[in-house]
Every structure is written in structure tokens, then in C-alpha cells.
Amino acid sequence: MSRQCVLAAQKGNYILGCIKRSVVSRLREVIQSLYSTFIRAHLEYCIRLWDPQQKNVMDLLERVQTRAMKTVRELEHLSYEVLGVVEPGEEEVPGRPYSGLSVLKGSLQER
Numbered sequence: 001m002s003r004q005c006v007l008a009a010q011k012g013n014y015i016l017g018c019i020k021r022s023v024v025s026r027l028r029e030v031i032q033s034l035y036s037t038f039i040r041a042h043l044e045y046c047i048r049l050w051d052p053q054q055k056n057v058m059d060l061l062e063r064v065q066t067r068a069m070k071t072v073r074e075l076e077h078l079s080y081e082v083l084g085v086v087e088p089g090e091e092e093v094p095g096r097p098y099s100g101l102s103v104l105k106g107s108l109q110e111r
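For the sequence shown, full-length UniProt numbering puts the final residue at 111, and the numbers step up evenly by one.
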């Protein structure tokens, strides 16, 4: 299972790199739609296979999430606590076990 999660994180990082190289806009709306369309499915798949004893798997997912947050211009210097982002594996929402990057879904709309 760990190998599958590593491959999912690698796919997520690869796709995020392609997005960074090919998309000029760093607006939240643009990155949100690309992230939710192309990357989120890989990470959700990995969370379903994730074993809580394997801390390194969670760290892999968190690195993908952090990298995606740094892609958005207005979020690049903020911490998880300020953004209110749930770390991978911390909260399980029915039907959506991975709720990372919730900030891209509008928790900073007051800005």
C-alpha cells in the first residue's frame, strides 16, 4: 500500500509541475479548478489506502498540498493554522476523506 501512495504523490507532484509550467495565472480560482480536476483524485485515492502508522505517507501528501498552496499567489507565505487547512488524514468527511486545500474552496473569500 505504501508503494501505491508514493506513486500517487509522485503523480500529483508531476501534474502540479505541469500546471506551474503551463499556466500563467496564479489566481485562486484557476488553481482551484485545476487542482480539484487533476490532482485531488490521486491524493484521495492514496488516503483511502493510507495506514495511520506510516507517517512518511502522510508527509508525502502534505508536501504535495503545501506545494499546491504555494502555487496560489495570495497563499504562498501563510501557514496551515492561518489558512485553516486540514492536514491529510486529520479529518474524514463522509464521501470526501481528503479535505486538504479547503482554503482554495473559499475559506479566504473575505480577503
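Derived from the structure by calculation, the hints contain no laboratory data. Some hints here could point you the wrong way.
DSS-like mimics (lysine-lysine), calculated; alpha carbons at most 25 Å apart, straight line [said to hold, decoys possible]:
id : residue 1 : residue 2
1  : K70       : K11
2  : K55       : K11
3  : K55       : K70
4  : K20       : K70
Derived CB-CB ranges, DEER-like [to be verified]:
id : residue 1 : residue 2 : range
5  : Q53       : S25       : 35 to 43 Å
6  : R3        : S25       : 12 to 20 Å
7  : V24       : Q54       : 34 to 42 Å
8  : V23       : D59       : 23 to 31 Å
9  : D59       : F38       : 28 to 36 Å
10 : Q10       : S33       : 20 to 28 Å
11 : R26       : S2        : 15 to 23 Å
12 : E29       : Q54       : 33 to 41 Å
It should be emphasised that the depicted structure is a prediction, and the values quoted were computed from it without experimental measurement. Each residue gets a CB set at the ideal place from its N, CA and C atoms; glycine is no exception.
Hints, one by one, checked against the model:
With a C-alpha separation of about 18 Å, the suggested pairing of K70 with K11 holds against the 25 Å cut-off. Annotation: proposed proximity of K55 to K11 holds, straight-line Cα distance about 19 Å (limit 25 Å). The hinted pair formed by K55 and K70 meets the criterion: a straight-line CA distance of about 22 Å does not exceed 25 Å. Annotation: proposed proximity of K20 to K70 holds, straight-line Cα distance about 10 Å (limit 25 Å).
Separated by about 40 Å at the C-beta atoms, Q53 and S25 satisfy the suggested range of 35 to 43 Å. For the pair R3 and S25, the supplied restraint of 12 to 20 Å is violated, since their beta-carbon distance comes to about 35 Å. Distance hint check for V24 and Q54: the Cβ-Cβ separation is about 37 Å, which falls inside the suggested range of 34 to 42 Å. For V23 and D59, the hinted distance range of 23 to 31 Å is satisfied, since their beta carbons lie about 26 Å from each other.
The hinted window of 28 to 36 Å between D59 and F38 is violated, with their beta carbons roughly 22 Å apart. For Q10 and S33, the hinted distance range of 20 to 28 Å is satisfied, since their beta carbons lie about 22 Å from each other. The hinted range of 15 to 23 Å is not satisfied by R26 and S2, whose Cβ atoms lie roughly 33 Å apart. At about 34 Å, the CB distance of E29 to Q54 agrees with the hint of 33 to 41 Å.
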